[in-house]
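Given the coordinates of chain R, work out where chain B should sit on it, guided by the hints.
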Amino acid sequence: MSKATTKPVRARAGRPHAVWALPGVLFFAFFAVVPMGLAFYLSFTQWDGLGDPRPVGLDNWQKLLDDPRITQSLWLTVLLTVCSWLFQTVVALLLGVWAAGKQRNRAVLSAIFFTPLLLSSTAVALLFYALLDPNFGIIQKDTLGSSSGAFLAIVFVGGWQFMPLHTLIYQGGARQIPQVLYQAAAIDGAGPLRQFFSITLPQLRHTVTTSSVLIIVGSLTYFETVLILTKGGPGTDTAILPYLMYEAGFKSYDFGYASAIASFLVVTATGLSLLLVRLTGFGTMRSTREGM
Amino acid sequence: MSHDTLPRPAKLREPSPPSGRTSRARRPWTRRANPVAGLGSLIWLVVVLVPIYAMLSASLTRQDQLLEGNPLKPPPDPTLDNYNTVLDSGFGHLLANTAIVAAAVVGLVLALSVPLAYVAVRTRNRWSGAAFRLFLLGVAIPAQAVVVPLYLLIAELGLYDTLPAVILPTAAFAMPVSVLVLTGTLRDISEELYEAMALDGASSLRMLFQLVIPLAKGGISTVVIYSALQAWNGFLFPLIFTQSDGPRVLTLGLFNYVSQFGVNVPALLASVVLSGIPIFVVYLVARRALVSGLMGVGGK
Numbered sequence: 001m002s003k004a005t006t007k008p009v010r011a012r013a014g015r016p017h018a019v020w021a022l023p024g025v026l027f028f029a030f031f032a033v034v035p036m037g038l039a040f041y042l043s044f045t046q047w048d049g050l051g052d053p054r055p056v057g058l059d060n061w062q063k064l065l066d067d068p069r070i071t072q073s074l075w076l077t078v079l080l081t082v083c084s085w086l087f088q089t090v091v092a093l094l095l096g097v098w099a100a101g102k103q104r105n106r107a108v109l110s111a112i113f114f115t116p117l118l119l120s121s122t123a124v125a126l127l128f129y130a131l132l133d134p135n136f137g138i139i140q141k142d143t144l145g146s147s148s149g150a151f152l153a154i155v156f157v158g159g160w161q162f163m164p165l166h167t168l169i170y171q172g173g174a175r176q177i178p179q180v181l182y183q184a185a186a187i188d189g190a191g192p193l194r195q196f197f198s199i200t201l202p203q204l205r206h207t208v209t210t211s212s213v214l215i216i217v218g219s220l221t222y223f224e225t226v227l228i229l230t231k232g233g234p235g236t237d238t239a240i241l242p243y244l245m246y247e248a249g250f251k252s253y254d255f256g257y258a259s260a261i262a263s264f265l266v267v268t269a270t271g272l273s274l275l276l277v278r279l280t281g282f283g284t285m286r287s288t289r290e291g292m
Numbered sequence: 001m002s003h004d005t006l007p008r009p010a011k012l013r014e015p016s017p018p019s020g021r022t023s024r025a026r027r028p029w030t031r032r033a034n035p036v037a038g039l040g041s042l043i044w045l046v047v048v049l050v051p052i053y054a055m056l057s058a059s060l061t062r063q064d065q066l067l068e069g070n071p072l073k074p075p076p077d078p079t080l081d082n083y084n085t086v087l088d089s090g091f092g093h094l095l096a097n098t099a100i101v102a103a104a105v106v107g108l109v110l111a112l113s114v115p116l117a118y119v120a121v122r123t124r125n126r127w128s129g130a131a132f133r134l135f136l137l138g139v140a141i142p143a144q145a146v147v148v149p150l151y152l153l154i155a156e157l158g159l160y161d162t163l164p165a166v167i168l169p170t171a172a173f174a175m176p177v178s179v180l181v182l183t184g185t186l187r188d189i190s191e192e193l194y195e196a197m198a199l200d201g202a203s204s205l206r207m208l209f210q211l212v213i214p215l216a217k218g219g220i221s222t223v224v225i226y227s228a229l230q231a232w233n234g235f236l237f238p239l240i241f242t243q244s245d246g247p248r249v250l251t252l253g254l255f256n257y258v259s260q261f262g263v264n265v266p267a268l269l270a271s272v273v274l275s276g277i278p279i280f281v282v283y284l285v286a287r288r289a290l291v292s293g294l295m296g297v298g299g300k
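Protein sequences appear in the order of chains R and B. Letter 9 of the first sequence, counting from 1, is numbered 9 in our numbering, and no numbers are missing. Letter 66 of the second sequence, counting from 1, is numbered 66 in our numbering, and no numbers are missing.
Misleading hints may appear alongside valid ones.
Claimed, not checked - Using 30 Å as the maximum straight-line C-alpha spacing, the simulated BS3-like pairs for lysine-lysine come out as follows: (1) R/231 x R/141; (2) B/217 x R/141; (3) R/251 x R/231; (4) R/63 x R/251; (5) R/102 x R/231; (6) B/217 x R/102.
The set of hints was computed from the structure by calculation and includes no laboratory data.
Same shape as in the complex, but just chain R:
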């Protein structure tokens, strides 16, 4: 065979036509992207679910800007995201790096750390709903009755539930770090703390990004935890955006306003994720091995 005939074969070797991607793209577009556009459209209408949506211009957005619960909820969301991120990242990073070791007791402890993952978010929320009950709970106080208590409970319950996932993610990341780096550092006289900050952390930068995106998007969308634990209360003190959207849409049947809140949520979530992707260069998906 001459070069001229093998060349095109090589170029097309296992390169399926882009049409193969079409079913997946269309499916995702139909159930996620189009509804998102539709939500944006509905945010300029008034609609109670019966009849046709009636265009009302910017009314819903005006209402959104004037609604004191939205301002409160935005602040709450920021606080919740920051607290959850700090809590989960610090604990999961330390536990994950530690659990990446090989000792026998670590395997046993890791298995125990894993247990919250056996329960769904709903089950976890119900568990703490019962355990935080002022009458027979662990803490014999009305934790969920005070706004700071309710807020901390949500941060804690989210962390309790998702810590195993993030610990596993960090554990997986830490196992991939080439052992030579530590050996070289030890030869240079770097202590454990120095090794952690100069090798482990930089090597885990992609893992940190992935885990952070999951935490941030997750805490923007805590829903069942809030619905079951606090119902947004006391008052509206833990009413985060998704909860306000749910109330506006499926309790008050004001789908136009609910869609305005939903669109606002998308803008916030997308903005935050894009920022993270930009800051860390995650989009290029380069290997951490590069330059080694």
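Just chain B, lined up with the frame of chain R:
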């Protein structure tokens, strides 16, 4: 991976730091006892175990005895009555529905995202790049944001209050992460393998089944576990798209127990324990696959 397989020339060990741990410095990072990390992990152990213990203990307590003691004391007179109460109230039906949803979601996600990742990695053109970016951004679309229009869509399709109303959107929202995980895995398959198969005259379809899928097993098992857990955990879609007992899934059933059992906290907690058993069985049977699959959610 295996730290022991790395050759360690003995002469390199000589100039290690003068801190008295020269002989034990073989695995400088994993071997050394780290008291701070050890203490931290013990604290977290307590944080994990106390709620689990309190849950198990309360679920075995008679309702009238619950208020008498500290929840951390073992039940004075253990009983399985609470579990029977839950099992008698249609728990099996909830579980069966959840299993159907999970299986369907996993099937759909795999069928749609494997070819997509194959194109995104292998076919470098405008369209495949755009498809990949669509899913990269899709990670950030919260399910809450689309639930109102989806409600409209589901009703128009005549799917309201059926299992497909839960299955279809759950699968769609599991896709972005699945596509990202799979593209990450597929990037590692070397060009030479494709070329070798191309010389044998293999089509893209044959390469998918004989090369891509076998070599992407790790990524695929991550996707299976991830999407099954999404289905297992799903709450918002069932809450809004279903109503009657027929298509009710486990999470929604648990939520309804709050009003159904009212103050019967032991029964409520028994239902929480029972809901964890299926995943526990999976964990016992396929611990390694489950753990490495979950690790894979964070990249390789």
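#### Entry: Hints violated by the structure (numbers, ascending)
2 and 5
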